[in-house]
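Novice: The lines below spell out each chain.
2 protein chains.
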Amino acid sequence: MKFSSKVLQCQFSPIRKFYPYTVKAEKQGKKIYYMNIGQPDIKTPPEFFDAIHNFCDPVLEYAPSAGIPDLIRAVRNYYRNIGVGIKSDDILITNGGSEALLFTMMAILDEGDEVIIPEPYYPSYSTFVAATGASVVPIPTTAEEGYHYADRARIEAKITPRTRAILITNPGNPTGTVLSLDELRMILDVAIQHQLFVVADEVYREFIYNDSPMSSIGIFEDGAEHVVIIDSVSKRFSACGARVGALITRNRELREHIMKFCQARLSVPTLDQLGAIALYSVGPEYFATVREEYRARRDIVYQKLQQMEGVVCGEPQGAFYVTCRLPVSDAEQFQIWLLTEFDDNGETLMFAPAKSFYATPGKGLSEIRISYVLNRSALERSMEILEKALLAYKAHQE
Amino acid sequence: MKFSSKVLQCQFSPIRKFYPYTVKAEKQGKKIYYMNIGQPDIKTPPEFFDAIHNFCDPVLEYAPSAGIPDLIRAVRNYYRNIGVGIKSDDILITNGGSEALLFTMMAILDEGDEVIIPEPYYPSYSTFVAATGASVVPIPTTAEEGYHYADRARIEAKITPRTRAILITNPGNPTGTVLSLDELRMILDVAIQHQLFVVADEVYREFIYNDSPMSSIGIFEDGAEHVVIIDSVSKRFSACGARVGALITRNRELREHIMKFCQARLSVPTLDQLGAIALYSVGPEYFATVREEYRARRDIVYQKLQQMEGVVCGEPQGAFYVTCRLPVSDAEQFQIWLLTEFDDNGETLMFAPAKSFYATPGKGLSEIRISYVLNRSALERSMEILEKALLAYKAHQE
Numbered sequence: 124m125k126f127s128s129k130v131l132q133c134q135f136s137p138i139r140k141f142y143p144y145t146v147k148a149e150k151q152g153k154k155i156y157y158m159n160i161g162q163p164d165i166k167t168p169p170e171f172f173d174a175i176h177n178f179c180d181p182v183l184e185y186a187p188s189a190g191i192p193d194l195i196r197a198v199r200n201y202y203r204n205i206g207v208g209i210k211s212d213d214i215l216i217t218n219g220g221s222e223a224l225l226f227t228m229m230a231i232l233d234e235g236d237e238v239i240i241p242e243p244y245y246p247s248y249s250t251f252v253a254a255t256g257a258s259v260v261p262i263p264t265t266a267e268e269g270y271h272y273a274d275r276a277r278i279e280a281k282i283t284p285r286t287r288a289i290l291i292t293n294p295g296n297p298t299g300t301v302l303s304l305d306e307l308r309m310i311l312d313v314a315i316q317h318q319l320f321v322v323a324d325e326v327y328r329e330f331i332y333n334d335s336p337m338s339s340i341g342i343f344e345d346g347a348e349h350v351v352i353i354d355s356v357s358k359r360f361s362a363c364g365a366r367v368g369a370l371i372t373r374n375r376e377l378r379e380h381i382m383k384f385c386q387a388r389l390s391v392p393t394l395d396q397l398g399a400i401a402l403y404s405v406g407p408e409y410f411a412t413v414r415e416e417y418r419a420r421r422d423i424v425y426q427k428l429q430q431m432e433g434v435v436c437g438e439p440q441g442a443f444y445v446t447c448r449l450p451v452s453d454a455e456q457f458q459i460w461l462l463t464e465f466d467d468n469g470e471t472l473m474f475a476p477a478k479s480f481y482a483t484p485g486k487g488l489s490e491i492r493i494s495y496v497l498n499r500s501a502l503e504r505s506m507e508i509l510e511k512a513l514l515a516y517k518a519h520q521e
Numbered sequence: 124m125k126f127s128s129k130v131l132q133c134q135f136s137p138i139r140k141f142y143p144y145t146v147k148a149e150k151q152g153k154k155i156y157y158m159n160i161g162q163p164d165i166k167t168p169p170e171f172f173d174a175i176h177n178f179c180d181p182v183l184e185y186a187p188s189a190g191i192p193d194l195i196r197a198v199r200n201y202y203r204n205i206g207v208g209i210k211s212d213d214i215l216i217t218n219g220g221s222e223a224l225l226f227t228m229m230a231i232l233d234e235g236d237e238v239i240i241p242e243p244y245y246p247s248y249s250t251f252v253a254a255t256g257a258s259v260v261p262i263p264t265t266a267e268e269g270y271h272y273a274d275r276a277r278i279e280a281k282i283t284p285r286t287r288a289i290l291i292t293n294p295g296n297p298t299g300t301v302l303s304l305d306e307l308r309m310i311l312d313v314a315i316q317h318q319l320f321v322v323a324d325e326v327y328r329e330f331i332y333n334d335s336p337m338s339s340i341g342i343f344e345d346g347a348e349h350v351v352i353i354d355s356v357s358k359r360f361s362a363c364g365a366r367v368g369a370l371i372t373r374n375r376e377l378r379e380h381i382m383k384f385c386q387a388r389l390s391v392p393t394l395d396q397l398g399a400i401a402l403y404s405v406g407p408e409y410f411a412t413v414r415e416e417y418r419a420r421r422d423i424v425y426q427k428l429q430q431m432e433g434v435v436c437g438e439p440q441g442a443f444y445v446t447c448r449l450p451v452s453d454a455e456q457f458q459i460w461l462l463t464e465f466d467d468n469g470e471t472l473m474f475a476p477a478k479s480f481y482a483t484p485g486k487g488l489s490e491i492r493i494s495y496v497l498n499r500s501a502l503e504r505s506m507e508i509l510e511k512a513l514l515a516y517k518a519h520q521e
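Going down the list, the protein sequences come from chains C and L.
Okay, so the first sequence: first residue is 124 according to our numbering, each after it adds one.
Okay, so the second sequence: first residue is 124 according to our numbering, each after it adds one.
Read the hints as simulated data drawn from the structure, not as lab findings.
Hints are supplied without guarantee of correctness; some may be wrong.
Identical chains blur together in the list; that is why a pair holds if it fits in one copy or across any two.
To be verified - Pairs of lysine to aspartate or glutamate, DMTMM-like flavour, derived with a Cα cap of 25 Å:
1. Lys-154 to Asp-164
2. Lys-478 to Glu-379
3. Lys-140 to Asp-334
4. Lys-166 to Asp-193
5. Lys-150 to Glu-234
6. Lys-125 to Glu-234
7. Lys-150 to Glu-279
8. Lys-153 to Glu-507
9. Lys-140 to Glu-470
10. Lys-478 to Glu-267
11. Lys-153 to Asp-305
12. Lys-517 to Asp-233
13. Lys-486 to Glu-184
14. Lys-125 to Asp-233
15. Lys-511 to Asp-453
16. Lys-281 to Asp-345
17. Lys-154 to Glu-237
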């Protein structure tokens with residue numbers, strides 16, 4: 124039997140190849156600080172669990188394919204509060220932001236089509252694009268420039284007759300870069316001029332640490348038919364296991380097409396949606412507390428990285444990631460060495476080598492992504508281990 | 124902006140077009156007996172909710188992409204109990220059976236490829252196939268033959284160089300037909316001989332009312348690499364809103380490819396998986412009780428249909444559907460008439476016109492699918508309404 128040409132283009136999770144090494148390291152009694160994942164340690168608001176405990180129907184039924192109306196209203200109200208004037212009809216509830224991304228790509232991409240994505244980018248994007256037979260056209264960035272890409276000429280240079288969309292993550296995963304309102308406007312203008320979609324993954328919207336106001340590309344009224352917002356409760360409310368996302372677009376035709384996929388997969392989990400409704404009742408003090416915690420963590424990681432010889436990174440402004448270049452030629456080899464040969468007092472660490480965040484062959488080999496989803500003392504210790512490890516690795520290689 | 128050629132081939136849910144009529148009928152005070160949906164009224168076992176209430180971690184984290192190991196073990200043990208000797212590695216937990224179907228099609232189909240499906244079939248199948256750019260090649264059946272299709276010559280007549288898979292539903296939705304072990308063996312032999320996959324949607328496995336033992340195409344050891352089983356807790360445990368399905372295959376290469384999609388979408392709902400683990404502890408008496416209830420309902424519907432002049436159907440052997448031909452030229456027009464012009468004592472009914480269960484243009488126009496997911500007295504009353512309506516409709520048309 125043959126497999127589809129599309130699945131053959133898809134890649135495994137970049138983390139997968141390190142799994143045997145982590146198992147072995149832990150068997151040997153090593154403690155590993157896991158800084159490779161995007162799973163926050165912040166408590167899920169208890170309102171979520173309370174709502175689920177209050178469910179007392181005898182039958183757990185399918186929810187409507189577009190989502191439970193009360194959840195759609197909660198999402199609509201959340202957006203209105205940040206200045207995005209959407210209607211309930213503009214919202215489809217999805218199985219996480221992931222399904223919103225997959226369905227968007229399935230609705231707009233044919234084989235040979237192209238999606239422009241600044242690199243480094245979240246690796247699942249390339250699977251969602253490749254699954255349709257289309258390909259990622261990367262906008263290159265550098266660690267020295269803080270992975271900045273929002274330059275009109277740089278974006279337009281990548282547009283071809285096969286370009287269908289520009290996919291941005293704001294705040295950025297894995298880079299932590301945050302786009303200004305002017306930059307968002309410019310990207311939308313490019314999309315309008317060239318008749319493209321802008322797919323804006325804004326799942327980290329609440330996590331901004333500079334003085335930029337929290338924002339969304341959805342605030343612009345003109346050109347709204349070009350905009351698709353990918354959203355999720357996963358990061359916003361530390362409820363990753365709930366699989367409740369949303370696709371938001373004022374392009375009625377696109378929404379109708381995607382509704383066909385929503386109908387075919389029937390519904391999103393009923394209980395998780397009821398929990399998500401309650402999450403949207405959580406007040407601004409919740410976000411302020413979480414933001415301050417992440418900001419403190421960001422500061423620890425960034426300050427320590429700056430003090431390490433040969434490490435290059437800009438100050439991340441949002442999300443909970445920092446990507447940096449290490450003074451090593453191959454970060455994957457360094458990671459394997461950390462798991463197999465190195466320890467400091469029985470402890471070592473795991474980050475995400477950045478090679479798989481790039482589409483351009485040979486790029487990102489020296490770079491890593493660090494997730495600051497551990498508590499502050501664990502982060503202090505992790506940075507200490509990284510510093511010692513870099514020195515030991517240098518000595519080891521000489 | 125353009126949309127993908129694939130989404131343009133996908134259809135909306137067939138129910139959608141009747142929605143405005145049902146809203147209007149209910150506004151007028153009509154009571155509608157809904158026999159158009161596959162949402163059972165059977166209670167979800169309380170073990171499901173208890174397991175979720177017992178969850179007390181502070182953070183609702185992502186589950187592993189392949190599924191929670193305890194759930195995978197529960198599914199494996201369930202299969203071993205019915206004689207299917209699979210290993211844990213052969214199982215991927217999915218967002219309902221729907222995701223298992225979509226990912227399978229994405230992994231094996233390219234544009235122009237073909238999937239053989241007996242018609243009438245579950246309409247979402249055509250969306251999952253069309254979403255990849257492939258097409259459905261139907262095996263025609265007739266109401267007179269009880270929608271029987273398991274004939275080697277009839278299946279082989281549909282095989283072309285572009286055929287990649289045979290997709291079967293057993294027990295059948297919408298027909299209620301059940302395949303014998305010999306028939307399953309024959310279909311597998313065809314797949315082996317022609318190097319095809321057999322995708323077997325077995326989500327109604329527990330609901331068989333003749334003397335056939337409950338079975339699975341997974342019991343055959345040889346040719347196991349051709350077999351993909353689609354499974355779900357939705358119907359088995361009346362937990363449709365949980366969105367916990369499974370893809371089971373001993374084809375390691377296929378599983379690895381599909382794992383790429385599982386990793387990209389991260390995980391299946393954590394709490395629903397915990398609930399599903401508890402569901403698999405439910406004993407055989409649960410299934411026996413539910414089966415007897417459905418059998419009694421099936422008997423009511425089938426006996427009444429047989430007594431109606433001009434109605435053609437075979438005795439359905441499984442699932443909770445019966446498809447039949449009515450003495451009307453267009454069942455969709457009859458359905459609209461039922462909602463807009465007819466009532467019996469203020470009551471009317473809704474079924475699923477079968478046209479959209481067919482790929483062949485012009486087929487199924489006079490047919491409907493009835494779901495017997497209402498209690499017995501509601502079913503008695505519904506059949507009474509149908510009989511009166513058919514007489515009134517005949518008079519109305521003369």
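Novice: Taking the hints in turn, state whether each one holds.
Specialist: A quick look at each hint next to the structure:
1. When the C-alpha separation of Lys-154 and Asp-164 is checked against a cutoff of 25 Å, the pair qualifies only within one copy, where the shortest distance is 18 Å, while the shortest distance between copies is 50 Å.
2. Taking the closest pair of Cα atoms, Lys-478 and Glu-379 come within 25 Å of each other only across two copies (21 Å); inside a single copy the shortest separation is 37 Å, beyond that limit.
3. Proximity of Lys-140 and Asp-334 under a CA criterion of 25 Å is satisfied in neither setting, with 39 Å inside one chain copy and 49 Å between copies.
4. For a Cα distance limit of 25 Å, the shortest separation of Lys-166 from Asp-193 qualifies both inside one copy, at 24 Å, and across copies, at 24 Å.
5. In the homo-oligomer, the alpha carbons of Lys-150 and Glu-234 never lie at most 25 Å apart, since the shortest distance is 45 Å inside one protomer and 47 Å across protomers.
6. Taking the shortest alpha-carbon separations for Lys-125 and Glu-234, both the intra-copy value of 18 Å and the inter-copy value of 13 Å come in at or below 25 Å.
7. Taking the closest pair of Cα atoms, Lys-150 and Glu-279 never come within 25 Å of each other, the shortest separation being 51 Å inside a single copy and 53 Å across copies.
8. Proximity of Lys-153 to Glu-507 under the C-alpha cut-off of 25 Å is restricted to the intra-copy arrangement: shortest distance 16 Å within a copy versus 72 Å between copies.
9. Only within a single protomer do Lys-140 and Glu-470 lie at most 25 Å apart by alpha-carbon distance; the minimum there is 20 Å, versus 62 Å between protomers.
10. For a Cα distance limit of 25 Å, the shortest separation of Lys-478 from Glu-267 inside one copy, 17 Å, qualifies, whereas the shortest one across copies, 61 Å, does not.
11. Neither within a single protomer nor between protomers do Lys-153 and Asp-305 lie at most 25 Å apart by alpha-carbon distance, with minima of 48 Å and 55 Å respectively.
12. For the homomeric pair Lys-517 and Asp-233, neither the shortest alpha-carbon distance inside one copy (47 Å) nor that between copies (48 Å) is at most 25 Å.
13. Within a single copy, Lys-486 and Glu-184 get their C-alpha atoms no closer than 48 Å, and across copies no closer than 32 Å, so neither meets the 25 Å cut-off.
14. Within a single copy, Lys-125 and Asp-233 get their C-alpha atoms as close as 21 Å, and across copies as close as 10 Å, so both meet the 25 Å cut-off.
15. For the identical chains of this complex, Lys-511 and Asp-453 are intra-copy neighbours only, at 17 Å inside a copy versus 77 Å across copies, given an alpha-carbon limit of 25 Å.
16. Taking the shortest alpha-carbon separations for Lys-281 and Asp-345, only the intra-copy value of 24 Å comes in at or below 25 Å, while the best inter-copy value is 51 Å.
17. In the homo-oligomer, the alpha carbons of Lys-154 and Glu-237 never lie at most 25 Å apart, since the shortest distance is 43 Å inside one protomer and 51 Å across protomers.
Violated hints, listed in ascending order, are 3, 5, 7, 11, 12, 13, 17; each of the other numbered hints is respected by the structure.
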